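Number of protein chains: 2
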Amino acid sequence: MNKDKALLGSIDSESNDRINQFIKILRKVCNHRVLNLHEPFFSGNETKYLEECVSTNFVSSVGKFVSKFEEMLSELTGAKHVIATVNGTSALHLSLLCLGIRSKDEVLLPTLTFVGSANSIRYCNAIPHFCDISEDDLNLDLDKLRDHLKFTAEKHHVHSINKYTNKRIAAIMPVHVFGQPVDMETLLSIASEYKLTIVEDAAESLGSFLNKKHTGTFGEIGCLSFNGNKIVTTGGGGAILTNDDMLAKQIRHMSTTAKIVHPWELSHDEIGYNYRMPNINAALGCAQLELFSNLLENKRNLHMKYKKELDGIPWLRLISENKESISNYWLNTVIVKNNEDCFQKRLIETCHKEKIFLRPSWKPLHLLPMFQSCPKSELNTASFLRKKIINLPSSAFL
Amino acid sequence: MNKDKALLGSIDSESNDRINQFIKILRKVCNHRVLNLHEPFFSGNETKYLEECVSTNFVSSVGKFVSKFEEMLSELTGAKHVIATVNGTSALHLSLLCLGIRSKDEVLLPTLTFVGSANSIRYCNAIPHFCDISEDDLNLDLDKLRDHLKFTAEKHHVHSINKYTNKRIAAIMPVHVFGQPVDMETLLSIASEYKLTIVEDAAESLGSFLNKKHTGTFGEIGCLSFNGNKIVTTGGGGAILTNDDMLAKQIRHMSTTAKIVHPWELSHDEIGYNYRMPNINAALGCAQLELFSNLLENKRNLHMKYKKELDGIPWLRLISENKESISNYWLNTVIVKNNEDCFQKRLIETCHKEKIFLRPSWKPLHLLPMFQSCPKSELNTASFLRKKIINLPSSAFL
Numbered sequence: 006m007n008k009d010k011a012l013l014g015s016i017d018s019e020s021n022d023r024i025n026q027f028i029k030i031l032r033k034v035c036n037h038r039v040l041n042l043h044e045p046f047f048s049g050n051e052t053k054y055l056e057e058c059v060s061t062n063f064v065s066s067v068g069k070f071v072s073k074f075e076e077m078l079s080e081l082t083g084a085k086h087v088i089a090t091v092n093g094t095s096a097l098h099l100s101l102l103c104l105g106i107r108s109k110d111e112v113l114l115p116t117l118t119f120v121g122s123a124n125s126i127r128y129c130n131a132i133p134h135f136c137d138i139s140e141d142d143l144n145l146d147l148d149k150l151r152d153h154l155k156f157t158a159e160k161h162h163v164h165s166i167n168k169y170t171n172k173r174i175a176a177i178m179p180v181h182v183f184g185q186p187v188d189m190e191t192l193l194s195i196a197s198e199y200k201l202t203i204v205e206d207a208a209e210s211l212g213s214f215l216n217k218k219h220t221g222t223f224g225e226i227g228c229l230s231f232n233g234n235k236i237v238t239t240g241g242g243g244a245i246l247t248n249d250d251m252l253a254k255q256i257r258h259m260s261t262t263a264k265i266v267h268p269w270e271l272s273h274d275e276i277g278y279n280y281r282m283p284n285i286n287a288a289l290g291c292a293q294l295e296l297f298s299n300l301l302e303n304k305r306n307l308h309m310k311y312k313k314e315l316d317g318i319p320w321l322r323l324i325s326e327n328k329e330s331i332s333n334y335w336l337n338t339v340i341v342k343n344n345e346d347c348f349q350k351r352l353i354e355t356c357h358k359e360k361i362f363l364r365p366s367w368k369p370l371h372l373l374p375m376f377q378s379c380p381k382s383e384l385n386t387a388s389f390l391r392k393k394i395i396n397l398p399s400s401a402f403l
Numbered sequence: 006m007n008k009d010k011a012l013l014g015s016i017d018s019e020s021n022d023r024i025n026q027f028i029k030i031l032r033k034v035c036n037h038r039v040l041n042l043h044e045p046f047f048s049g050n051e052t053k054y055l056e057e058c059v060s061t062n063f064v065s066s067v068g069k070f071v072s073k074f075e076e077m078l079s080e081l082t083g084a085k086h087v088i089a090t091v092n093g094t095s096a097l098h099l100s101l102l103c104l105g106i107r108s109k110d111e112v113l114l115p116t117l118t119f120v121g122s123a124n125s126i127r128y129c130n131a132i133p134h135f136c137d138i139s140e141d142d143l144n145l146d147l148d149k150l151r152d153h154l155k156f157t158a159e160k161h162h163v164h165s166i167n168k169y170t171n172k173r174i175a176a177i178m179p180v181h182v183f184g185q186p187v188d189m190e191t192l193l194s195i196a197s198e199y200k201l202t203i204v205e206d207a208a209e210s211l212g213s214f215l216n217k218k219h220t221g222t223f224g225e226i227g228c229l230s231f232n233g234n235k236i237v238t239t240g241g242g243g244a245i246l247t248n249d250d251m252l253a254k255q256i257r258h259m260s261t262t263a264k265i266v267h268p269w270e271l272s273h274d275e276i277g278y279n280y281r282m283p284n285i286n287a288a289l290g291c292a293q294l295e296l297f298s299n300l301l302e303n304k305r306n307l308h309m310k311y312k313k314e315l316d317g318i319p320w321l322r323l324i325s326e327n328k329e330s331i332s333n334y335w336l337n338t339v340i341v342k343n344n345e346d347c348f349q350k351r352l353i354e355t356c357h358k359e360k361i362f363l364r365p366s367w368k369p370l371h372l373l374p375m376f377q378s379c380p381k382s383e384l385n386t387a388s389f390l391r392k393k394i395i396n397l398p399s400s401a402f403l
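Protein chains in written order, with this note's numbering: chain A, 6 to 403; chain B, 6 to 403.
Any given hint could be a false lead.
Chain copies aren't distinguished; within one or between two, either way the pair holds.
In silico PhoX-like links for lysine-lysine, alpha-carbon gap of 20 Å or less [as the list claims (entries may be wrong)]:
{"#": "1", "residue 1": "350", "residue 2": "360"}
{"#": "2", "residue 1": "264", "residue 2": "350"}
{"#": "3", "residue 1": "264", "residue 2": "254"}
{"#": "4", "residue 1": "264", "residue 2": "368"}
{"#": "5", "residue 1": "368", "residue 2": "342"}
{"#": "6", "residue 1": "342", "residue 2": "313"}
{"#": "7", "residue 1": "168", "residue 2": "200"}
{"#": "8", "residue 1": "313", "residue 2": "29"}
{"#": "9", "residue 1": "33", "residue 2": "358"}
No wet-lab data here; the hints were simulated from the structure.
Note that the coordinates shown come from a computational prediction; the quantities given were computed from them, not determined experimentally.
Construct the entire structure; sequences and hints are all you get.
As structure tokens, then:
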């Protein structure tokens with residue numbers, strides 16, 4: 006009993022030392038008193054373009070900034086078509102719909118992602134099928150995915166069937182988590198083997214490349230997000246990337262309530278959506294994209310500063326890009342190796358008291374009540390890492 | 006044959022005279038060369054508030070303008086709770102969901118409305134059930150509705166069943182079309198008799214009152230829209246009005262991805278939606294609402310000018326408010342009484358050539374391919390008026 010207490014005491018004191026060391030490093034790297042996780046950085050034509058929307062009376066879904074924003078994104082990502090939407094979740098939803106994902110289809114995705122990824126699947130009345138992540142980059146573990154499919158999927162001529170649920174496994178949604186690119190070359194070969202359509206959730210990876218190709222342009226469709234916490238923000242916003250002409254046309258149509266183009270008649274030919282990004286939001290996005298290379302550079306510099314300070318510390322590991330990829334370092338992420346069960350929680354609590362608003366990752370989605378009965382692979386790594394992941398303050402102005 | 010030609014010739018020439026007379030009146034009332042149907046009118050703090058969003062870094066779904074906008078709407082409408090959303094369609098969708106509208110439920114609505122009304126029902130996997138409109142105000146014909154329900158609905162203890170489809174008739178969505186208030190007192194009594202939940206589509210009627218009570222506050226829920234063509238715009242936006250505390254809490258929760266409130270944990274307890282209005286859009290809305298009484302006054306004056314010029318013309322009828330109601334006169338509307346089948350089309354074509362961009366009404370929804378098999382009442386008036394309704398240029402600055 007006394008021995009146990011003594012042991013606990015020493016763990017406690019060791020943990021406290023680590024937490025204090027960690028806070029010192031954060032203060033050194035980010036020289037601000039209040040450290041939010043990720044704030045926008047406005048330093049260009051934001052106000053000017055917003056003023057222009059007001060003075061020209063174009064604030065809504067028609068306007069030059071929407072087209073300009075789409076063109077700029079097309080140039081940046083290399084995607085032939087870009088359709089700007091109200092947010093990233095709507096982009097994913099519309100992508101799945103236009104790719105023919107239907108009621109009861111299964112869609113593979115990592116369990117460690119923002120809830121919008123899985124929600125967009127449910128909006129189609131389709132079923133999320135959760136896969137495990139890799140400890141290296143927190144993205145889909147592709148070895149495990151292959152094993153899981155070998156065990157679970159029955160290959161048919163045009164699609165695969167889940168042997169256990171008897172449902173079509175129709176698509177896979179890789180997520181470039183925190184800006185780190187998924188190994189899309191390997192994923193493409195798995196998808197091809199099992200006839201899976203690919204919708205890349207590139208919500209967090211604008212500016213992230215794999216072998217010089219932009220994330221979100223490997224699969225049939227990629228989706229971006231411009232929420233307030235993203236590297237580029239439009240207040241709320243998203244975009245769909247595709248190289249497929251027909252698909253792009255269909256997505257554009259469905260995002261504008263499936264209205265038949267006509268100078269005055271108001272008619273629609275499908276159940277469409279009110280998903281277009283308003284001009285006022287796109288105006289903000291255009292100003293942000295003009296400075297995008299600066300934003301990326303700032304974020305890379307911040308990562309390097311973290312790297313310099315954290316690399317020698319044995320009880321944590323900072324996640325960095327591998328040699329094939331360029332990360333936008335949207336959110337710098339460490340895995341703590343501490344054995345104490347609630348170390349992550351104590352560290353976060355202490356930091357919040359110090360006004361350093363760091364964050365654990367999302368709760369793995371298969372643990373949420375509405376997804377508990379969904380099909381899944383073995384998910385040991387995600388379950389294990391859940392209490393180890395910490396996202397660091399990563400605003401581009403730090 | 007020659008006699009027919011002569012007759013056609015005289016109709017033609019009469020129609021041309023009428024079209025020319027009409028254009029002259031429009032030019033007299035609206036002293037602008039280009040006449041769009043409805044443009045925004047920015048003349049207050051719009052730019053100042055947008056600048057403030059950028060300078061304070063609050064552009065996304067958290068920010069003081071969102072709360073301020075909701076408070077201002079609450080004061081204006083008298084609704085206890087207001088939840089601002091990304092658009093009017095999302096407001097309707099979330100309202101139906103939170104009221105418990107489920108797969109295969111039927112929801113009554115007028116066939117003459119924007120497609121978003123019916124789409125929001127389909128997003129819940131529920132079924133639009135179309136009703137006819139009144140020639141007087143183009144709103145739901147409540148006498149016909151009562152007759153239709155008498156014939157179709159079987160009253161049960163807690164709800165009504167459609168005798169012919171065997172589905173629950175769960176709700177009714179009255180639409181205050183073009184800003185004219187539906188007779189909600191009568192509708193409330195019908196809804197009470199048949200245990201129908203009411204979601205008011207008040208997308209077009211901000212500032213419209215019935216017996217001094219704001220439209221959208223009679224039923225369980227009312228929904229507003231702030232699209233670019235509305236009397237007040239936020240670029241894209243909507244809002245949900247309710248006096249029910251529990252319902253408001255649930256709607257707010259569901260509109261923010263059903264995230265469980267916690268300083269750092271990221272967990273969700275339902276399939277939620279990314280439906281909150283961003284701060285930057287709300288900023289525009291706040292500036293617009295500050296000038297709302299001016300906007301309303303301008304629009305009333307415009308209506309009076311139209312009334313003065315059009316009242317003596319025997320072949321058309323301008324729709325005006327009745328004595329119990331105050332209309333915001335969002336879109337001034339005439340019914341043409343011409344016998345020539347394509348007179349409306351010719352009038353609109355000619356006006357468009359003159360850069361007067363007036364518009365017919367929406368194609369009645371029961372005629373659209375995706376709604377053709379939906380249940381419906383007799384819809385003679387809507388079908389008859391389809392080629393008679395014309396919306397006039399109605400911007401508040403005219």
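At 20 Å max between alpha carbons, let me know whether residue 264 reaches residue 368 within a copy, between copies, both or neither.
Cα proximity of residue 264 and residue 368: across copies only (11 Å, versus 39 Å in one copy).
Intra/inter-copy verdict for residue 350 and residue 360 if alpha-carbon distance must be at most 20 Å
Within one copy only: 15 Å inside, 64 Å across.
At 20 Å max between alpha carbons, let me know whether residue 168 reaches residue 200 within a copy, between copies, both or neither.
Only inside one copy: residue 168 and residue 200 sit 15 Å apart there, 45 Å across copies, limit 20 Å.
Please work out whether the CA atoms of residue 342 and residue 313 approach to 20 Å or closer within one copy, between two copies, in both situations, or in neither?
within (19 Å within a copy, 80 Å between copies)
Tell me, please, which holds for residue 313 and residue 29 at an alpha-carbon limit of 20 Å: within, between, both or neither?
within (14 Å within a copy, 75 Å between copies)
Reference check for the pair residue 33 and residue 358, CA-CA at most 20 Å: within, between, both, or neither?
Within one copy only: 17 Å inside, 67 Å across.
Between residue 264 and residue 254, at a C-alpha cutoff of 20 Å, which is it: within one copy, between copies, both, or neither?
For residue 264 and residue 254, only the intra-copy Cα distance (12 Å) is at most 20 Å; the inter-copy one is 34 Å.
For residue 368 and residue 342, with the copy left unspecified, which applies at a CA distance of at most 20 Å: within, between, both, or neither?
This pair counts as within: shortest intra-copy Cα distance 18 Å, inter-copy 63 Å.
Using 20 Å as the alpha carbon limit, work out where residue 264 and residue 350 are close: within a copy, between copies, both or neither.
Between copies, since 19 Å is at most 20 Å while 50 Å is not.
Figure legend: structure checked against the earlier numbered hints; every hint is met.
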